[in-house]
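Q: Based on the provided sequences and hints, a complete structural model is requested.
Here are the chains, one letter per residue:
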Amino acid sequence: MTRRAVARTLVYLSLVAATVVVLLPLVAVLLTSLKSEREMADDSGALALPDDLLNFHNYATAFQDGHMLSAFANTALILLFAIGGTVLIGSMTAYAIDRFTFRFRKLVVALFLIAALVPGVTTQVATFQIVNSFGMFDSLWAPIALYMGTDIVSIYIFLQFVRSIPTSLDEAARLDGANAFTIYRRIILPLLKPAIATVVIVEGITTYNDFYIPFLYMPSEDLGVISTSLFRFKGPFGAHWETISAGAILVIAPTLIVFLFLQRFIYNGFTQGATK
Amino acid sequence: MTDTTARAARESVPGPPAPGGAPAPRPAPLWRGATPWLFLLAPLTLLIVFTYAPIANMVAYSFTDWDGVSPELHYTGAENYAELFTRSDLFEVFWVSGYYLAASVFQIVAALYFATILSFNVRFRNFFKGVLFFPYLINGVAIGFVFLYFFQDGGTLDSVLGLLGIETDRAWLGSPTSANTSLAAVSVWRYLGLNFVLFLGAIQSIPGELHEAAELDGANRWHQFRHVIAPGIKPVLSLTVILSVSGSLSVFEIPYIMTGGATGTETFVIQTVKLAFQFNKTGLASAAAIVLLLIVLAVTWVQRRLVPDDKVDLA
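Sequence lines, in order, name chains A and B.
This note's numbering puts the first residue of the first sequence at 1, with every later residue one more than the last.
This note's numbering puts the first residue of the second sequence at 1, with every later residue one more than the last.
A couple of the hints might just be wrong.
What the hints assert, rightly or not - Straight line, CA to CA, 30 angstroms or less: simulated DSSO-like cross-link-like pairs of lysine-lysine:
(1) A:Lys234 <-> B:Lys274
(2) A:Lys106 <-> A:Lys193
(3) B:Lys129 <-> B:Lys234
(4) B:Lys129 <-> A:Lys193
(5) A:Lys106 <-> B:Lys274
Simulated from the structure, these hints should not be mistaken for lab results.
A: Here it is as structure tokens:
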């Protein structure tokens with residue numbers, strides 16, 4: 001073999017090794033989720049194939065006893081309001097910052113810039129008191145308000161897009177007598193569709209996966225979102241790994257489906273989100 | 001329709017006295033000045049209420065002995081900060097970050113490697129890209145459970161080792177060193193994909209002519225990496241370093257879900273959360289949060305000084 005062929009083989013070997021490392025833990029959990037209680041007691045090992053590949057009994061248990069239906073409903077509600085709010089707030093901020101010159105503009109920009117650097121986990125000690133004083137503690141409004149109010153990344157994404165919209169469009173509309181709000185509503189917002197799609201995807205996945213905020217602000221069992229409901233599997237299902245595994249797969253499956261359908265947008269979205 | 005109403009609305013705003021009674025050609029300066037603030041009203045309110053007010057309150061709490069509930073609180077000066085830096089058990093948690101820092105070095109190198117090889121022509125490129133990135137999208141609690149099962153006695157890891165003929169009865173999460181290493185490995189598994197995709201994006205945005213020119217000049221893969229790819233990804237690399245350092249200092253989810261901070265896996269954020277919400281030491285917890293905030297801001301500031309990044313300039 002030539003040196004080039006050896007190098008090529010090594011490259012593929014490393015890729016296959018990485019694939020195994022990524023997929024193996026997930027496959028083991030998928031297999032476990034299909035096993036019966038009896039099979040688990042046999043202790044045949046995590047990688048043994050289940051007797052019945054279509055045994056969805058554990059999924060039913062996880063779905064019902066784990067209150068996953070209300071968890072998905074709560075998550076959906078939060079997603080709807082938080083993302084709707086984020087899109088409005090982010091696009092309005094971007095429009096105001098990019099299209100107007102006003103006093104303290106630099107200060108406003110700096111406020112948003114610095115806020116992006118503040119790690120959210122650290123400030124919760126004091127944020128908690130504020131949320132509590134509004135009476136939002138232990139209600140769906142706490143995560144909705146927090147996701148809406150502390151999401152700086154989407155403002156960056158919108159800002160990039162607003163900049164790329166030519167100001168001549170605004171001016172033409174202004175000559176036709178449109179005011180600032182009409183320009184925002186009729187010109188900027190429709191042209192921001194790609195940015196809105198990005199923000200919806202990125203914030204959707206982040207919100208769906210968030211654990212800390214719902215865990216901290218919504219201790220009630222009936223306010224569980226998918227993260228916190230799954231976390232509560234730890235107690236009642238104790239060592240019942242077949243049920244816990246089914247719960248984990250139930251949570252991962254929607255993400256996988258969204259990923260498979262929207263791959264390109266997801267890569268772009270997260271790249272834009274992280275590099276701002 | 002909207003045009004006429006909008007114009008009417010604007011004309012009704014009292015403008016500067018126009019000479020000769022002619023209608024004011026432009027809206028009043030006062031009104032124009034207010035427009036951007038109307039758009040910023042809600043965003044700024046939320047920003048101040050949920051980001052700046054908490055920081056200000058936190059600074060205030062950090063100088064008191066408040067427990068978060070009672071109406072009584074006493075000013076204690078810098079006592080909380082002194083306690084934080086002198087009580088070794090409170091400061092020890094910072095050493096746990098060392099595991100995650102070391103892991104992120106490995107993570108960045110591995111992400112760079114995979115981004116580089118996948119930027120060249122490789123079969124099944126999209127499949128490998130997807131596989132490497134997908135863990136980043138998975139719910140943290142699900143990842144916690146997947147790896148609790150992975151590391152448990154007779155779990156995935158033991159089964160794999162058994163297939164390879166290695167029998168162990170090691171408790172992977174049983175001792176501080178082993179547990180922290182395992183948890184740091186999980187965090188590499190989870191976050192490698194983001195680093196990788198960022199690097200890949202940066203590499204692919206390098207103009208193709210540069211690669212071709214290098215190839216014509218007889219550059220091999222290593223030379224291409226060293227002289228074409230490396231300079232092209234410098235901004236993203238420095239951003240990744242920052243994200244990794246601040247990420248390593250504020251690790252929370254994975255250890256909290258998997259071990260709850262037991263067996264020496266408690267991180268700074270877990271400790272802060274416990275101080276604030278379990279032990280009702282809001283004052284001390286605030287001081288801890290301020291310290292972490294200052295460290296993260298300092299790290300970011302140092303990076304911005306070392307690698308000036310023009311993209312950051314919004315104005």
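Q: Measure nothing beyond the straight line between the CA atoms of Lys129 of chain B and Lys234 of chain B; if it is 30 angstroms or shorter, mark the hint as holding.
A: holds, 21 angstroms
Q: Can you confirm whether the C-alpha distance between Lys106 of chain A and Lys274 of chain B stays at or below 30 angstroms?
A: Roughly 38 angstroms between the alpha carbons, so the hint for Lys106 of chain A and Lys274 of chain B is violated.
Q: Decide if the proposed pair is consistent with the structure: Lys234 of chain A and Lys274 of chain B, CA atoms, cutoff 30 angstroms inclusive.
A: Distance ~19 angstroms between Lys234 of chain A and Lys274 of chain B Cα, so the pair holds.
Q: Just to be careful, I want the Cα atoms of Lys129 of chain B and Lys193 of chain A compared with a cutoff of 30 angstroms; is the pair within it?
A: holds, 27 angstroms
Q: Given the hinted pair Lys106 of chain A and Lys193 of chain A, is their alpha-carbon gap at most 30 angstroms?
A: Holds, because 27 angstroms separates the two Cα atoms, which is no more than 30 angstroms.
Hint violations for this structure: number 5 only, all remaining hints satisfied.
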